[in-house]
Amino acid sequence: MRLPSMEKYMLIQITISGLANGCLYALIGLGFVLIYKATEIVNFSQGEAVMIGGYIGFWLTYLFKLSFVTVYPLAIIGGVLVGYVISRPLWFLTNRKAPLFNIIVATVAIGMIVRSLARLVWSSESRAYLGPSFLKTITISNIVITSENLFVFSITAFFIIIFYLFFFLSKTGTSMRASAQNPDAASLVGIEPKKVFTLTWVIGCALGAIGGVVYGPIATIMPDSGFTIIIKAFAAAVLGGFGSIPGVIVGGCLLGVTENLAGLFIGTALKDLISFIVIILVLILKPSGILGVRIERV
Amino acid sequence: MKGKITVFLISLSLIFFVTTGFCGERDGVTKDKIRIGLITTLTGPTADYGEVAKKAAILAMEQINKTGGIHGRDIEYIMDDSAYQPAKAVAAVKKQIYRDKVFVIIGPTGSHTALASIPLCIEGKVPMIEPAGLSNAISNPFNKYVFHAQLTAGLDAHSMWKYVMENFDPKPRTVGILTYQGAYGKSKHEHDLRNAEEYGVKVVADEWCQWGDVDYTTQILKIKEANPDIFMINVMAQWGGKIIAQWKNYGMKAPCVGGNLLYMGLLYDTGGSAVDGTLVGTILRSQDDPSMAWFVDEFRKRWPDAPRDLGTGTQHYYGTLQTVFQGLWRAGRDLTKDKFIRAMETLRNFDTGVLAPVSYFPNDHRAYRMSYIYRFNEKGERVPVGATTYQHPPLSYQPRK
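Protein sequences, first through last, are from chains A and B. Under numbering that gives the first Met the number 0, think of the first position of the first sequence as 0, with each following residue one higher. Under numbering that gives the first Met the number 0, think of the first position of the second sequence as 0, with each following residue one higher.
Careful: at least some of the hints might be erroneous.
Taking lysine-lysine and the BS3-like style, the derived pairs with C-alpha atoms no more than 30 Å apart in a straight line are [stated by the list, open to error]:
#  : chain 1 : residue 1 : chain 2 : residue 2
1  : B       : K185      : B       : K161
2  : A       : K135      : B       : K170
3  : B       : K87       : B       : K336
4  : A       : K135      : B       : K247
5  : B       : K170      : A       : K64
6  : A       : K135      : B       : K161
7  : B       : K300      : A       : K7
8  : B       : K161      : A       : K64
9  : A       : K64       : A       : K135
10 : B       : K247      : A       : K7
11 : B       : K336      : A       : K7
12 : B       : K201      : A       : K64
13 : B       : K170      : B       : K336
Hints listed in this document are in silico derivations from the structure and should not be mistaken for laboratory results.
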């Protein structure tokens with residue numbers, strides 16, 4: 000392998016944009032991890048929450064010319080609604096002690112239903128919108144941080160901090176963690192499992208919707224757009240340790256930077272191939288993921 | 000005795016119906032209907048293209064039926080979704096050939112789905128008209144059942160290179176290329192390399208991207224590092240806008256040149272005013288041109304919720320159907336597939352009203368020999384700047400492997 004000659008700035012530049020990509024994967028992957036951690040369900044309809052967020056971003060900014068400051072609360076509401084609707088049939092199955100595999104397959108089906116409905120209501124035409132106009136691209140001695148990068152960094156940092164404060168410092172967050180650790184014991188001390196289940200799903204989908212508003216200016220939004228990004232978000236969660244909240248952030252950033260560096264040093268045609276090989280290698284060395292907890296098989 | 004006669008008559012009737020085709024139908028043609036198969040991407044990553052293509056096809060068929068059809072036969076259609084996946088395209092083609100018994104298939108949309116479907120159409124002896132795929136492999140090697148109703152990657156590349164080399168001053172000496180790893184991208188890329196060699200332009204950077212990429216920093220920086228005189232972009236419009244915006248964000252002044260796929264209005268929607276100056280080539284007549292007002296009006300009347308930019312699929316499918324109707328008309332009332340194919344091969348500079356002129360030949364089913372060149376301005380309008388003609392290279396006549 001011949002290393003191309005390059006200036007230091009290129010390496011820094013590629014790392015910055017890799018981190019931005021990783022933040023996007025982490026933001027969306029966080030929803031996966033939260034839902035899994037609390038309910039053991041891998042939510043294969045998480046992409047649809049992203050898609051809904053993207054559409055909300057489009058309508059409110061492009062059609063109604065609202066600022067992004069207004070868009071986010073409304074995107075969260077959209078995500079909450081989606082999460083609530085999705086959680087109903089899944090709670091029904093969970094409460095009836097349906098096999099976990101069946102519930103996971105149900106999330107696939109729900110995802111397809113939501114995509115089909117979106118296609119029916121909004122058609123398949125691509126929608127595109129630009130990021131917030133108050134964010135400008137900045138250049139610091141040859142290093143360009145685009146407005147999209149700034150958008151991703153700021154939104155990810157903000158919502159991860161909010162989420163962390165909620166999940167670890169609030170009473171509700173503590174209830175959710177308690178329920179995830181030991182549902183029976185939590186129930187005994189008065190924590191309602193149904194309430195926690197619903198709350199987990201609405202927060203998880205709200206995170207997806209927030210990710211969707213960020214994703215919209217980067218890609219275009221159509222009914223299938225969530226399906227495309229979710230693979231990377233899922234990979235980020237697995238790499239970081241599925242079930243670990245800090246892990247998904249680490250995993251996302253590592254994935255984002257790895258794919259960019261693979262493109263730089265090996266070849267852009269092999270970016271995805273190399274980054275997923277790295278994931279496999281990491282998992283061989285640490286099967287539970289970078290920050291994941293090892294689970295003993297019985 | 001009476002019973003035996005009844006059985007005999009029933010058997011005779013059955014034999015009659017089976018040999019003449021059920022209820023008088025033969026290969027998708029009845030006394031008053033011609034059945035056309037349409038396969039496009041109603042779901043999947045290019046569903047936005049397929050959605051408008053479907054609408055344009057329906058418009059075209061409704062229009063022809065309103066005027067009495069073709070030789071007294073209305074056009075009826077079977078629409079199937081390929082989801083931009085070869086497996087689904089093949090399934091749709093099989094269904095349309097063997098169950099629906101269509102007369103001709105329009106689609107499936109996209110080079111890789113078309114390539115997967117061609118062997119079935121040849122085996123089933125059903126003409127296939129591909130309006131969206133650009134890969135040269137669709138029409139080469141030649142087969143009489145396959146019509147390539149889209150500009151080829153060769154024409155796409157040639158038209159841009161010819162325009163650039165004849166109009167840029169100074170002439171570019173180096174080029175950086177970014178290509179999407181799909182059937183179209185690879186085909187266009189191959190022709191870009193060939194054209195670069197012919198014109199003596201050095202390829203100083205050659206990078207790739209995939210569907211689903213959210214960031215192109217690595218590719219753009221590598222190309223920027225090589226500092227080419229022109230930046231050739233072989234990607235879809237929705238990514239192209241982002242790429243061009245990022246290119247300009249890095250302070251690069253080299254003009255961006257793209258092929259047919261960059262023509263869509265999405266280029267401006269995703270890139271904003273950064274797309275100003277970008278050159279694209281296409282067989283489509285500009286929807287902003289007054290001569291296209293009739294089409295835009297008809298489309299909007301039929302589909303009032305149509306977006307600002309009607310999309311490229313509208314013209315591709317509408318125009319392709321005009322050629323099919325012309326072929327059906329020229330084939331006459333006593334319609335067979337062979338007659339239809341021979342009739343299509345008589346089209347010379349046929350004007351569909353929405354596309355460049357179409358010509359098919361008995362040994363060459365590549366529809367276009369001309370491409371229009373447009374330049375995007377800062378408002379996202381596509382300003383026509385020229386047109387180029389192209390002599391296709393010879394085809395292979397070996398059977399497909």
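Checklist entry - Can you name, in rising order, the numbers of the hints this structure does not satisfy? => result 2, 5, 6, 7, 8, 11, 12 and 13
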